[in-house]
Each structure stands twice: as structure tokens, then as C-alpha cells.
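J.: Protein chains in written order, with the working numbering: chain V, 53 to 468; chain P, 57 to 244.
Simulated from the structure, these hints should not be mistaken for lab results. Even for Gly, the Cβ is constructed at its ideal location relative to N, Cα and C. Possibly wrong hints are sitting among the right ones.
What the hints assert, rightly or not - Listed next, the in silico BS3-like pairs over lysine-lysine satisfying Cα-Cα at most 30 Å (straight line):
| no. | chain 1 | residue 1 | chain 2 | residue 2 |
| --- | --- | --- | --- | --- |
| 1 | P | LYS225 | V | LYS340 |
| 2 | V | LYS436 | V | LYS335 |
| 3 | P | LYS123 | P | LYS94 |
| 4 | V | LYS335 | V | LYS354 |
| 5 | V | LYS388 | V | LYS208 |
| 6 | P | LYS175 | V | LYS340 |
| 7 | P | LYS175 | V | LYS335 |
| 8 | V | LYS436 | P | LYS94 |
| 9 | P | LYS94 | P | LYS225 |
| 10 | P | LYS175 | P | LYS123 |
| 11 | V | LYS335 | P | LYS94 |
What the hints assert, rightly or not - Away from chain P, derived, C-beta distances all over 12 Å, residues of chain V:
| no. | residue |
| --- | --- |
| 12 | ASP206 |
| 13 | LYS354 |
| 14 | GLN374 |
| 15 | LYS436 |
Stated by the list, open to error - Restraint-style ranges between C-beta atoms, simulated for each label pair:
| no. | chain 1 | residue 1 | chain 2 | residue 2 | range |
| --- | --- | --- | --- | --- | --- |
| 16 | P | GLN213 | V | ASP279 | 35 to 41 Å |
| 17 | V | SER201 | P | ASP111 | 56 to 62 Å |
| 18 | P | GLY102 | V | VAL197 | 45 to 51 Å |
| 19 | V | ARG282 | P | GLY197 | 53 to 59 Å |
| 20 | V | GLY193 | P | GLN213 | 43 to 49 Å |
| 21 | V | SER78 | P | GLU84 | 40 to 46 Å |
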Amino acid sequence: MRSATTIIIGAGQSGLAVSRYLTDCSIDHVLLERGQVANAWRTERWDSLRLLTPNWLSRLPGYHYTGKDPNGFRTLDETVGFLGDYARNIDAPVRTNTTVQSVRAMGSGYQVQTNCGEWACRTLVLANGALSTPRVPSIAGDVPVNIRSLTVGDYKRPSDVEEGGVLVVGASASGVQISLELCRAGRDVTLAVGEHIRVPRTYRGRDIFWLMDAAGLFDHCIDDVDDLERVRSLPSMQLIGSTSMNTIDVNSLQDLGVAIRGRLVGIRGNIAHFSGALPHICKLADLKMNRLLRTFDEWIEKEGSDAVTEAAYALEATRVPQLPDLTLNLSEQGIKTIIWATGFDPDYSWLKLPVLDHRGRLQHDGGVVAAPGVYAMGLPFMRKRKSSFIDGAADDARFLVKHLSSFLAKRSNMVA
Amino acid sequence: MTDSNSSTSLLNGVNVEALLDARGALDEAPEAANFTFKAESEWLDGVHARMQMSDFFGLGEEQSRNKAFTVETDHPEVFAATDAAPSPVELVLSALAGCLTAGIASVAENRGIQLRAAKATVEGDMNLYGVLGIDSSVRNGFSAIRVIYDIDADASQEDLEALVAQSQKRSAVFDIITNPTNVSVALS
Chain V
53 MRSATTIIIG AGQSGLAVSR YLTDCSIDHV LLERGQVANA WRTERWDSLR
103 LLTPNWLSRL PGYHYTGKDP NGFRTLDETV GFLGDYARNI DAPVRTNTTV
153 QSVRAMGSGY QVQTNCGEWA CRTLVLANGA LSTPRVPSIA GDVPVNIRSL
203 TVGDYKRPSD VEEGGVLVVG ASASGVQISL ELCRAGRDVT LAVGEHIRVP
253 RTYRGRDIFW LMDAAGLFDH CIDDVDDLER VRSLPSMQLI GSTSMNTIDV
303 NSLQDLGVAI RGRLVGIRGN IAHFSGALPH ICKLADLKMN RLLRTFDEWI
353 EKEGSDAVTE AAYALEATRV PQLPDLTLNL SEQGIKTIIW ATGFDPDYSW
403 LKLPVLDHRG RLQHDGGVVA APGVYAMGLP FMRKRKSSFI DGAADDARFL
453 VKHLSSFLAK RSNMVA
Chain P
57 MTDSNSSTSL LNGVNVEALL DARGALDEAP EAANFTFKAE SEWLDGVHAR
107 MQMSDFFGLG EEQSRNKAFT VETDHPEVFA ATDAAPSPVE LVLSALAGCL
157 TAGIASVAEN RGIQLRAAKA TVEGDMNLYG VLGIDSSVRN GFSAIRVIYD
207 IDADASQEDL EALVAQSQKR SAVFDIITNP TNVSVALS
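Bound-form chain P, shown alone (with noise of 0.2 Å):
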């Protein structure tokens, strides 16, 4: 929110007309619903890594920010790495329970909930004899996740439980990490 005073009228900060209104119009304009997003990154050293986002694709045409946004990513020590930055995956956890917070917050102001906290705490579970190669029956992924919820709001526990199954239904990063993807990665 740049304008907190534009805010005042909302719950949560949400400003869920403009995303009904988007919704109806991107139905008339199936076009303009095509977007892609956007993230590039440098090695820096060792396993440490620099990401900058900034321009995306959408609404039919490139989006400049005008600013951009850098994360980095690194590996703990017991890595033997620098951990200078959170590793990959724990950026995965993190995408994760901000999507879902975003999804919450936005769902909450639709149906009139006003939230006082909305805190999330995310696992993944991750057996190493994946990536490092010591048994090819185990992933090198997380094999299982959980997010669980702390929420403080003016609503019942039913209520707060469809909130958080709603912002599931909505979330593209939950639909990322529980459905496969089609994921080329090429030379320049």
C-alpha cells in the first residue's frame, strides 16, 4: 500500500473490488489474462546467488515496475556454504506461506473478516540421500509440507478454516508445489 489513506475503508488492506472488477474483465479479454512473470539471477560465488525481479509480461503487453526487487540465496553451514542468504528451498516455504497469507487477507476482506494477526509457520521435510545422490528411490524435494495457522481475527473456527481452505483453492504457489510443472532449462 503506497497510499495508507486509500485504505481506510478496508478491513485488511485488500482492495478487493479492483480484483472483482479485474476478474470481469479479464473473462471479456481472455488475452490479456496471459501473463509471465519474470527472475534473473547471477552466481556470485561459491553457492551464493543474487535474483533480481523487476518487468513481467501481462495484460497484453510488457509491465515496467520502474524499481526492482534482489533475493539471495545461499546454503547453511552445515553445507559447508557461507550461509550468507536463505537456502532455495526455505525461498520455496517462504513463497509458499506468502501466497497463502496474501490469499487469506484478500479472502478475509471479501467476506467482511477483520484480521488482528495472520501467522503461519511452514515445514518442509527433506531426506538428503536425494540431492546428494546416495539413493535414486528418494526425491530431491521436500516429500511432505505443512503450513500451520495462527490466526486472530473476529470469526469463528469454521469460519477461519474455510478462510485458510479458500486462500488453498486460490493460491498459484500451492498449486506450484502440489502439481507438476513443465520445466525446460536451456543454454542461451
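For reference, chain V alone in the conformation it holds in the complex (with noise of 0.2 Å):
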């Protein structure tokens, strides 16, 4: 069996941090890898995603941008590359190809099962990805027979998608891309609208990003809320990283062609039903978005920000139909594809450590699991609001490998 004494699960932005300071510390490890290097971003999704955040905003443990479009967003290609490129420059340890099948505790550290053999470790860093697995909802069990069924894993470009109409479900950043890009290839795309982030891509001449990390947002803490379950399964924002920084929106979407319905409750036979709540919905969003935005105001009035030029200015509210269609017939209307746009979760099937509350969430203090030695990374709201952005990786890798490090000092001095 081999050794490390530290293990790392994953070679993505968070395992290459990670692994990163440990060299710092000198403690040896290894990052075990199920593909390559940022195998995610490499396999898992569609071929024209860009990144959501503006380059210059992935900053590593002695990396930042210095290339000449520090505004725009890596497509997945260049993405991969920059962590490709991240990880060679760090030196780090990539055992790549090895799929981690079991982990169990064994005698004061762990062991790891994987398909070239076993490890033992002493302590351990998951940093195997917060958005593993799509999500899909017990209804997708009710679609027809003729109609395909595709998750966001699945799909990768509209040719994989028939002719005719299409249901996307979910409005988060993945579902809006991907009515957006259906419906530019000519498909009739009707989109299911459950609860989502809506949030301009620009506001006031500043990307998005760009105002949340100067206003501070970024850094927000999990002592700064006073509901950390909530914020931790808040979807993604919906935006897209385009060349053009375009705003996505229901609105936008609708100008486009899409149709709106309500969150998708259920299909019976040939029939699928949405949920009468879309006004409330949209609602919701609208509000939580002009608080948003509220805020950047307060901050750039009280910062006297030289920065941001143009003035204050309101939004469009979301325009819902007067009264949305709680039906719509499958094949009536032609919908030969529905997409499953309903989330993430982390896989951690393979973890056989007691660390799981009855809802299968991995229990952890701010990245520190509830079992000695060991640590998470990537987790939305792990520490702070940037936890799951690439940018987030470095403050939080800097913090658990000291608590790692710790952990080790005070171990060997039990065995001295």
C-alpha cells in the first residue's frame, strides 16, 4: 500500500491550491485524479461555456491574470489549459486516471480505495467538486418514452438536440445558456422558471464581479449570515460569460422567443404542469436583485469610487404573462427533448466515513469535516460568499492546510 500524508481528491482549482501551500509546508502528498487535470471543466459541460467570472478573477496561490483581456471570460478550452498551465508551474503531484472508489478510516489516518490500488493517508482534502452530479428531479421518471431526457452533464452542443421544441428546466446560469443557444439554432425552447438569481451582467459600466468583490461581497464570511443553509443552496446567478457582456434574463429570453412557464411540478401522460407561482417567482428575484444593486449604489456613494462613472438606474421588472400557461402538451407542441437544468450535487458515494447528516450534506465547520484530519474545498459558502469561485480557492486553501498542519504538529506530539 502506498503512503501519503496528505491526500487530496481532485485536480481542479481547489486540489491544485491546496496542494499548492502543502508544498509550501513541505508535507508530501498527492492529488488524486479520476481524468486530467480540471477534468470537470474538461468533460462535464457543454462545449460553448464560458466561465461566469471575468478572467483577471482567478487569482491562485501565486497566480493572477497578466493576459490582454482581463475583462473577458475563458471558454472551457482555455480554462483547461490555465489550470493545466497552473499545475504544471506548481509542480504538483497528479496521480491523473485514478478514480477514488472508497474511502474508510484506518487506524489513526484513512484508507483509499482507488482502481490502480490502494493509499493510506493521514489526513485528507476533498476537493472532488461541488457540482459532480446533476441533479434531477423524481418527475423526470413520468417523461414519455419519446421524448430524450438530457441532464446538463449530457448535453454539449444544440446538433445533439432534434429539431422541433424543447423544454428546458431550470433558470439558473445553466438552463438560461442553454434556452438561449437552443433557441438561436432554431429550436422552439419553452423554459420552466422555478426560483433563481436574476442579476444584470453589468450595472452601472462594472461587471457584476467586479462590483461584489469591490464592494466586499466576495469576502462576506459564514459569521456574516444569519442563515448559512440557506445561502449554501442558493443556485447559481444567472448570467452568462460572453464576448459581448451580455445581460441574460427571462426578459431577454423572452424578446428571443422563449416561452415562460412556472417551476415544472409534474407530467401526466402527455402533459406537463407548472406551478401557478411564476408572477410571485419572478417577483422574488426582481426584489432581491434591486437589493443587490442597492447595495452597490450605497457602496459606490459612500466609497466616492472613481471607478464607477454612471449613474444609478433602475431595471425592467421581469415580464410575466398576464396569465401563464399552467399546461403545456408534449406532443402537441412538438417537444422531442427535455433538458434537466435542476442543479448540482457533490458526489460523495464513496466516502464510508461517518461525516453525512440524514439528508447525505457532508458536515463540516467552514471546510473542517467532522472527522480528525480531514477537510473540504470548493463547497458553496464553504468559508466566505467566493468559497466556490476559482478565485475563492486560495483564501481557503491558505486556511485549512494551516489547520492541517496543526493537526499534524499536535498528532505527533500525542506519539512522542
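Each of the two chains sits in its own frame; use the hints to bring them together as a complex.
T.: Structure representation (C-alpha cells):
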């Protein structure tokens, strides 16, 4: 059995950031990666996806963007290239094509079973991604057999989708982007809109993420929020990274001809049923967006920032049909495909440690998992709002490696 | 509120702290969160009926109230009925207002907003072609429901809108009305 002091599961931005700090502390470690570096970016997203965050907002330990297009958004290939370069620069000890099959407690450490043999370690970092398994609601089981169901993980490009009608379920980042792309490719798109977070791409001439970063929102800590559970389960922001700084929302999609419905609540035979709460859901999103924009206004006023020159303005409220249709006859409307853009879950099926709660969620305190020497990375609002962003990996990794190294020191003292 | 003294420190008389405590406790005890509410109904005469509500199941056991509430339903005279009580559909509208108003008071309490008045007007549109079986394409129930709130409180218009939105987000009756529910009706 091979061994390392620390095993990092996953070689994406989170695992690499931890690796860099472990190297700084001379803690020997390996990263076990089921595919190649940046595997999810490489294999589990659709072709046209660009990062939602601008290039400059991807600082990693010892790295910041120095290219010509700081305000651009990386394509998937560029993201894979960027993380690959980073892994080489920090000389990360990555074992590729190594899939973790189980993790169990063993002595004062852990045993990690992989498709390439067993490893033993004293400390463990779960950097396997918060968004690894597309979440599909149980009603997907009621889809008529002649209609194809695709998850966001399955969908790659419009040509994968049969001509005719498409029902996209979910109006967060994935759902709105795929709706836009399919609509432009000539499909008849109906979008089922549940709770979502509406934000404009830019406000007062600045990218929304520039404003969030500058106003300190990304650095909000878990101690700053009153309902951690809520902020950790928020859907992704309704955004697209594009070359034209476009805002994408329920209004812009309707302008292009996308039909909107409420949340999909059931399928009976050929009839899809939607919630009648669509006006409420859209109002909620508008209220939250306006509150966020006021936060920026207040920050700009307080700081007297020279970087923002445009005056404040209001955005158009989300347009909702007077009486939205509550049903959709899938066969009559020629719906050939349903795309489930209903979120992602992390996969812990291989984690044989008593650290999951009754809903299967990892129990942790700011990334310090409820088992000695086990740490998590990259989870939503794990320590800060930016924890699940590339730019958030550095702060969390620095903190957790410090914790990990003092854990190891205490262990050594006890043994001595 | 049976004991008005206990509510003196509360803005709107909603014990939000107890609700938040319950939320924390139930997260740890998922079984206790499963409730079953009940109503018993008896036909009186014509289209007039009386419903009684008392015990319910929750927190893992039968919850006895030691008292019963009754409501009656009838239909208006234009339906050739005795109009001895509100119609069932009016009770549905009332239940929606009751649920949303409870939500508004609770959320206001939690956000430190003192309510002086919170009035709602609820309207439901119904085409009788449905219930009378004249046109099968017309549904029996409401085609649309509108709730208009008139709230007097020390809060901005935006805060009040957020209050009303949050009460919908957490309302059981709003969910019951806007989303489908599996319903079975059988003979004993």
C-alpha cells in the first residue's frame, strides 16, 4: 500500500490551491484525479460554456492574470489550459486517471481505495467538486418514452438536440444559457422557471463580479450571514460569460422567442404541469436583484469610487404573461427533448465515513470536516461567499492547510 | 394568544423565537416534522355541510387540542341554495388570506417591522361552464386568484413588497393552490 501524509481527491482549482500550500509547508501529498487536471471543465460541461467570472477574477496562490483581456471570460479550453499550466507551474503531484472508489478510517488515518490500488494517508482533502452530479427531480421518471431526457452533464451542443420543441427545466446559469443557444439554433424553447437569482451582467458600467469583489461581497464570511443553510443552497446566478458582456434573463429570453412557464411540478401522460407561482417567483428575483443593486449604489456613494462613473438606474421588472399557461401538451407542442438544468450535487457515495447528515450533506465547519484530519474545498459558501469560485480557492486553501498542518503537529506530539 | 402578557415584548405577537427553535430541532429529528392534518365533515341538508377540526398528528404523536372548531359551507341563493354559510371556494380564498397574513406577521416580527394593520382582498375568477359541465375545456376551479394587501407599518414600500413575497415563499396554502397535489377520495 502506498502512502502520503495528505491525499487530495480531485485536481481542479481547489485541489491545486491546496497542493501549492502543502508544498510550501513541505507536507508530502498526492492529488488523485479520476481523469485529467480540470476534469469537470474538460468533460462535463457543454461546448460553448465560458466561465461566468472575468479572467482577472481567477487568482490562485502565486498566480494572477497577466494576459491581454482581463475582462474577458475563458472558454472551457482556455480554462483547462489555464489550470493545466498552473498544475505544471506548482509542480503538483497529480495521479491522473485514478478514480477513488472508497475512503475508510484506518488506524489514526484513512485508507483510500482507487482503481489503481490502495493508498494510506493521515489527512484527506475532499476537493472533488461541489457540482459533480447533475441533480434530476423524480418527475423525470414520468417523461413519455418518445421524449429524450438530457441532463446538463449530457448536453454538449445544439446539434445533439432533435429539431422541434425543447423544454428546458431550470432558469439558473445553465438553463438560461442552454435555452439561449437552442433558441438561436432554431429550436422552439419553453423554459420552466423556478426560483432563480437574477443579476445583470453589468451595472453602472461595471461587471457584476467587479462590483461584488470591490464592495466586499465575495469576502463575506459564514459568520456574517444569519441563515447559512439558505446561502449554501442558493442556485447559481443567472449569468453568461460572453464576448459581448450580455445580460441574460427571463426578459431577454422572451425577447428572442423563448416561452416561459412556472416551475415544472409534474408530468401526467403527455401533459406537463407548471406551478402557478411564476409571478411570485419573478417578483422575488426582482426584489433580491434590486436589493443587491442598492447595496452597490450605497457602496459607490460611500466610497466615492472613481471607477464607477455611470449614475444609478432601475432595471425593467421581469415580464410575466398576464395568465401564464399552467400546462404544456408535450406531443401537440412537438416537444422532443427535455433538458434538466435543475442543479448539481457533490458525490460522496464513496466516502465511508460518518460525516454525512441524514440528507446526505457533508457535515463541516468552514471546511473542517467532522472527522479528524479531513477537509473539504470548493463547496458553496464554505467559508466565504467566494468559496465555490476559482478566486475563492486561495483563501480557503491557506486557512485549511494551516489547520491541517497544526493537526499533524499535535498528532506528532501525542505520538512522541 | 392565550396569555397576552407573554407577548408584550413582541411587535406583532408572533413568537418567532419558538418557531426558529422548532426549525432547528426538527432539522435534527426529521420524523417529527411529518404532520397529518384532519377535518371531519357531515352533510346537513341540501348543499349545506358542517366541518369539524380538532386533533392532528405531528411531532411523532397524536396532538389533542381538547376542543374542536367548526366551519360550515353552503352556497349562495343564485345557486338555488339556502346561503346559510360561505361557499367552499370562499373558504379556500379565506384560507389563502389567513395563511399569507400569518406569514406576513411572522416575517415582519422576524425583521423587526411593527404592523399596525394588514388587510387583504382576495378575488378568485371562476367560469361556471366548468362546474356545470357546459364546456369540458373550462376547468372547475379558479382560473385566476388575486390577492391585494393593504399594509400599514413602519417600513418602506420595498420592505413591504419583500415581506409579502417572503410570506408567499413560505405559505402552505399558496403552495397547495399553485401546485398540484395527489388527492384520493374513497369510500370507507
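J.: A separate judgement is required for each hint: does it hold in the structure or not?
T.: Checked hints:
1. P/LYS225 with V/LYS340: holds, 13 Å
2. V/LYS436 with V/LYS335: Holds, at roughly 27 Å.
3. P/LYS123 with P/LYS94: Holds - the C-alpha atoms of P/LYS94 and P/LYS123 are around 14 Å apart, at most 30 Å.
4. V/LYS335 with V/LYS354: Holds, at about 28 Å.
5. V/LYS388 with V/LYS208: holds, 16 Å
6. P/LYS175 with V/LYS340: holds, 25 Å
7. P/LYS175 with V/LYS335: holds, 20 Å
8. V/LYS436 with P/LYS94: Judged against 30 Å, a Cα distance of about 45 Å means the pair is violated.
9. P/LYS94 with P/LYS225: holds, 24 Å
10. P/LYS175 with P/LYS123: The hint holds at about 28 Å.
11. V/LYS335 with P/LYS94: violated, 33 Å
12. ASP206: holds, 27 Å
13. LYS354: holds, 19 Å
14. GLN374: Nearest chain P Cβ is 9 Å from V/GLN374, so the label is violated.
15. LYS436: The claim stands: V/LYS436 keeps its Cβ more than 12 Å from every Cβ of chain P (closest is about 23 Å).
16. P/GLN213 with V/ASP279: 35 to 41 Å: violated, 24 Å
17. V/SER201 with P/ASP111: 56 to 62 Å: violated, 43 Å
18. P/GLY102 with V/VAL197: 45 to 51 Å: Since P/GLY102 and V/VAL197 have Cβ atoms about 49 Å apart, the given range 45 to 51 Å holds.
19. V/ARG282 with P/GLY197: 53 to 59 Å: violated, 33 Å
20. V/GLY193 with P/GLN213: 43 to 49 Å: holds, 44 Å
21. V/SER78 with P/GLU84: 40 to 46 Å: Given range 40 to 46 Å: holds, Cβ gap about 42 Å.
Hints 8, 11, 14, 16, 17 and 19 from the list above are not met by this structure, while the remaining hints are.
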